[in-house]
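Number of protein chains: 2
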Amino acid sequence: MIQFAINKAYFLQALHTTRRAISSKNAIPILSTIKIEVTSDGIYLTGSNGQISIENSISVSEENAGLLITQPGSILLEANFFINVVSSLPDVTLTFEEIEQYQVLLKSGKSEITLKGKDVEQYPRIQEVDSLTPLLMDTKVLKSIIAETSFAASTQESRPILTGVHFVLSNHKDLKAVATDSHRMSQRQLVLEHSADNFDVVIPSRSLKELSAVFSDDIENLEVFFSANQILFRSETISFYTRLLEGNYPDTNRLLSDSFETEVVFETASLRSAMERSYLISNASQSGTVKLEIINGSVSAHVNSPEVGKVNEDIDVQDVSGSDLVISFNPTYLIDALKALKSETVRVRFISPVRPFTLTPADDSENFIQLITPVRTN
Amino acid sequence: MIQFAINKAYFLQALHTTRRAISSKNAIPILSTIKIEVTSDGIYLTGSNGQISIENSISVSEENAGLLITQPGSILLEANFFINVVSSLPDVTLTFEEIEQYQVLLKSGKSEITLKGKDVEQYPRIQEVDSLTPLLMDTKVLKSIIAETSFAASTQESRPILTGVHFVLSNHKDLKAVATDSHRMSQRQLVLEHSADNFDVVIPSRSLKELSAVFSDDIENLEVFFSANQILFRSETISFYTRLLEGNYPDTNRLLSDSFETEVVFETASLRSAMERSYLISNASQSGTVKLEIINGSVSAHVNSPEVGKVNEDIDVQDVSGSDLVISFNPTYLIDALKALKSETVRVRFISPVRPFTLTPADDSENFIQLITPVRTN
Chain A
677 MIQFAINKAY
687 FLQALHTTRR
697 AISSKNAIPI
707 LSTIKIEVTS
717 DGIYLTGSNG
727 QISIENSISV
737 SEENAGLLIT
747 QPGSILLEAN
757 FFINVVSSLP
767 DVTLTFEEIE
777 QYQVLLKSGK
787 SEITLKGKDV
797 EQYPRIQEVD
807 SLTPLLMDTK
817 VLKSIIAETS
827 FAASTQESRP
837 ILTGVHFVLS
847 NHKDLKAVAT
857 DSHRMSQRQL
867 VLEHSADNFD
877 VVIPSRSLKE
887 LSAVFSDDIE
897 NLEVFFSANQ
907 ILFRSETISF
917 YTRLLEGNYP
927 DTNRLLSDSF
937 ETEVVFETAS
947 LRSAMERSYL
957 ISNASQSGTV
967 KLEIINGSVS
977 AHVNSPEVGK
987 VNEDIDVQDV
997 SGSDLVISFN
1007 PTYLIDALKA
1017 LKSETVRVRF
1027 ISPVRPFTLT
1037 PADDSENFIQ
1047 LITPVRTN
Chain B
677 MIQFAINKAY
687 FLQALHTTRR
697 AISSKNAIPI
707 LSTIKIEVTS
717 DGIYLTGSNG
727 QISIENSISV
737 SEENAGLLIT
747 QPGSILLEAN
757 FFINVVSSLP
767 DVTLTFEEIE
777 QYQVLLKSGK
787 SEITLKGKDV
797 EQYPRIQEVD
807 SLTPLLMDTK
817 VLKSIIAETS
827 FAASTQESRP
837 ILTGVHFVLS
847 NHKDLKAVAT
857 DSHRMSQRQL
867 VLEHSADNFD
877 VVIPSRSLKE
887 LSAVFSDDIE
897 NLEVFFSANQ
907 ILFRSETISF
917 YTRLLEGNYP
927 DTNRLLSDSF
937 ETEVVFETAS
947 LRSAMERSYL
957 ISNASQSGTV
967 KLEIINGSVS
977 AHVNSPEVGK
987 VNEDIDVQDV
997 SGSDLVISFN
1007 PTYLIDALKA
1017 LKSETVRVRF
1027 ISPVRPFTLT
1037 PADDSENFIQ
1047 LITPVRTN
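For the record, the sequence lines run as chains A and B.
Residue numbers for the first sequence follow my numbering, so the first one is 677 and each next one is one higher.
Residue numbers for the second sequence follow my numbering, so the first one is 677 and each next one is one higher.
One or more hints might be untrue.
Unchecked claim - FRET-style restraints, in silico, Cβ to Cβ:
hint: 1; chain 1: B; residue 1: Thr-1053; chain 2: A; residue 2: Asp-767; range: 25 to 31 Å
hint: 2; chain 1: A; residue 1: Glu-1042; chain 2: B; residue 2: Gln-798; range: 57 to 63 Å
hint: 3; chain 1: A; residue 1: Asp-876; chain 2: B; residue 2: Ala-960; range: 45 to 51 Å
hint: 4; chain 1: A; residue 1: Asn-1043; chain 2: B; residue 2: Ala-685; range: 35 to 41 Å
hint: 5; chain 1: A; residue 1: Asp-850; chain 2: B; residue 2: Glu-776; range: 56 to 62 Å
hint: 6; chain 1: A; residue 1: Asn-740; chain 2: B; residue 2: Asp-850; range: 28 to 34 Å
hint: 7; chain 1: A; residue 1: Asp-850; chain 2: B; residue 2: Ala-685; range: 28 to 34 Å
hint: 8; chain 1: A; residue 1: Asn-756; chain 2: B; residue 2: Asn-929; range: 53 to 59 Å
hint: 9; chain 1: B; residue 1: Asn-740; chain 2: A; residue 2: Ala-823; range: 35 to 41 Å
hint: 10; chain 1: B; residue 1: Thr-1053; chain 2: A; residue 2: Gly-923; range: 57 to 63 Å
hint: 11; chain 1: B; residue 1: Ala-685; chain 2: A; residue 2: Pro-766; range: 44 to 50 Å
hint: 12; chain 1: A; residue 1: Ser-700; chain 2: B; residue 2: Asp-894; range: 38 to 44 Å
hint: 13; chain 1: A; residue 1: Glu-1020; chain 2: B; residue 2: Pro-800; range: 45 to 51 Å
Hints are computed from structural coordinates only; laboratory data are not their basis.
Glycine residues also receive a C-beta, built at the ideal position from the N, C-alpha and C atoms.
Just need the whole structure built from these sequences, with the hints factored in.
Set out below in structure tokens:
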């Protein structure tokens, strides 16, 4: 019969982090609960949606938590409801006490709220990941790789493997992350500081976006553990598990070519705002494309949606070289690509109106490359 | 063939205000457009959803507008689309030019965007309001009356008259505003500074909420004009028209009684947070009520939702007098009522468990009174 007292704000923060794994509309009703396990060392909170699972610990040695454990035990509580109730409590501390089996009394100030819970035996077990040597990663670097690639993954389930980001470590230190939805591709390469065992995994893009939200920037490093169908990212207090996607990721290297016929260097921000205007008009029509004309060293964008209107726009460029070219594409892909670029200038290289074009930061063409497939127009 | 140049930010602000009257999902397609009329004096923008209409003027004499009119004329443009396009333009100024009939060219920086419009003859006419002597109202006072009453109006169309707020001016200076959805009532009375013609109108609550958003706090005064089925609120640049509700508003005076058996003075904030906790639990069950027990000078709140849990809460009170009482009600009504109260303390007066109870600011029981009907429980 659990009994503990805790600082409400600290408890709430841990509950909110854990809730990120919990979907209230889960097909498996038990996954809408949060698992609360109280031991003599601390409290362990677990949430899961079947794809990702988050385990959060609050230690008795953490001073800010103000945690005082009188009796250990474990229980499941409806996650959203429980978190709303805790956040409504009036006092800075709360006591949590199991008064009957699966019945919890929360006291705070002059409030007493009783909630019904469930037996933890009903909760599915999270498969353990036991890898001997974890990979050590800088949290900020991992989060920036995710921001640079995950948006390019597919959101459609017709080819499930494309909904993930392909992470490959080779030579024990060369990391490559790549995502493609078959219309565009984004690839980041980097050399790890510490060497590690080689791996080749496909992590669901949605899991990676949650991961970025769960680990705040003040957590410097993460340990990464691999198993056959799961991966675990772990900080001192948070363990984030996600399933891996099964299957062979397509070979994206064959999409990249070293040769090109036309090269333009743009200011990232001005190209992006020109594309945003183009998108407003192109989006109103079925075809939804913008036409980029590179002629005699000038670049202009054109959209014609007969029902709605037209865009004609001269775009400032820093440099143009190579052949003249007219190419059409969906401006959304270019907007997304430019959002992912941190550099002020972007180098765009074209082969022909029917071949994919590439984008790289103008100051570093080696490690971050994106690719967009044009649309054939008549 | 219209032609003018204008400061983009100033134009956008006026467009956003006008758009508040425009619903993109209107059953009458022409009402999704904005009417732009350009005269030698300035620009007039009109939006309407059939219930409310907003007319916004930008004068050539307004320096911040940077308005330069070359050719007058008028046109209709799809409101949301046009506003998105204007806000996407790159430069601080834009030129607006009708290049063919119903075809507009917007130029800003190196951008040229062409949009298709429609003939203004298709736009419905706003019925004019010609009253001789307007009522002069302080904008802040009007907005606070709206905040204090409009939430209590019904949102259900089964009794349309109850979806409005009843405004009555008597003795040329005594203003009373009252709203009720038949479960609760909120009434504000005040004496106007300037005398005016008596009136008795029912204004849709939804129109009043828009009105509060349209007139910013830096507009000190509004002129109010009445006609048989419409009312016009006017500032220097904005005219806000709304239809009135037809029919007889029920007599709400008979609901108020001078006698009471029990009186409690609460701190507004602590009563409200106790009710918010009660609501969390009560909301999970069908009945959805909280039981307030006033016994021997102590007040406590109780909710029991067998499926979910219970609340028991002692509530701090400043003063209790009269008979003991146990009364049940929907806590949402009390939460709404307390949100509308600006005073730190609230006086609640009860007659019996089956009669409505009243809330007044503890420091002013005359001018603002709310009433909540209890729920009979067994």
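Hints, one by one, checked against the model:
Between Thr-1053(B) and Asp-767(A), the C-beta spacing of about 30 Å keeps the proposed range 25 to 31 Å intact. Checked against the hint of 57 to 63 Å, the pair Glu-1042(A) and Gln-798(B) passes, with Cβ atoms roughly 58 Å apart. Our hint of 45 to 51 Å for Asp-876(A) and Ala-960(B) holds, since their Cβ atoms are close to 48 Å apart. Restraint check, Asn-1043(A) to Ala-685(B): a C-beta distance of roughly 40 Å satisfies the suggested window 35 to 41 Å.
For the pair Asp-850(A) and Glu-776(B), the beta carbons lie near 59 Å from each other, so the given range of 56 to 62 Å is met. For Asn-740(A) and Asp-850(B), the Cβ-Cβ distance of about 57 Å falls outside the hinted range of 28 to 34 Å, so the restraint is violated. As the Cβ distance of Asp-850(A) to Ala-685(B) is approximately 49 Å, the hint placing it in 28 to 34 Å is violated. Judged by the Cβ atoms, the range 53 to 59 Å given for Asn-756(A) and Asn-929(B) is violated: they are separated by roughly 44 Å.
Taking 35 to 41 Å as the suggested C-beta distance range, the pair Asn-740(B) and Ala-823(A) conforms, at roughly 39 Å. Against the hinted window of 57 to 63 Å, the Cβ-Cβ separation of Thr-1053(B) and Gly-923(A) comes to about 59 Å, which satisfies the hint. A C-beta distance of roughly 45 Å is found between Ala-685(B) and Pro-766(A), which places it inside the suggested range of 44 to 50 Å. In this structure the hint that Ser-700(A) and Asp-894(B) lie 38 to 44 Å apart at CB holds, the actual value being about 43 Å.
Separated by about 50 Å at the C-beta atoms, Glu-1020(A) and Pro-800(B) satisfy the suggested range of 45 to 51 Å.
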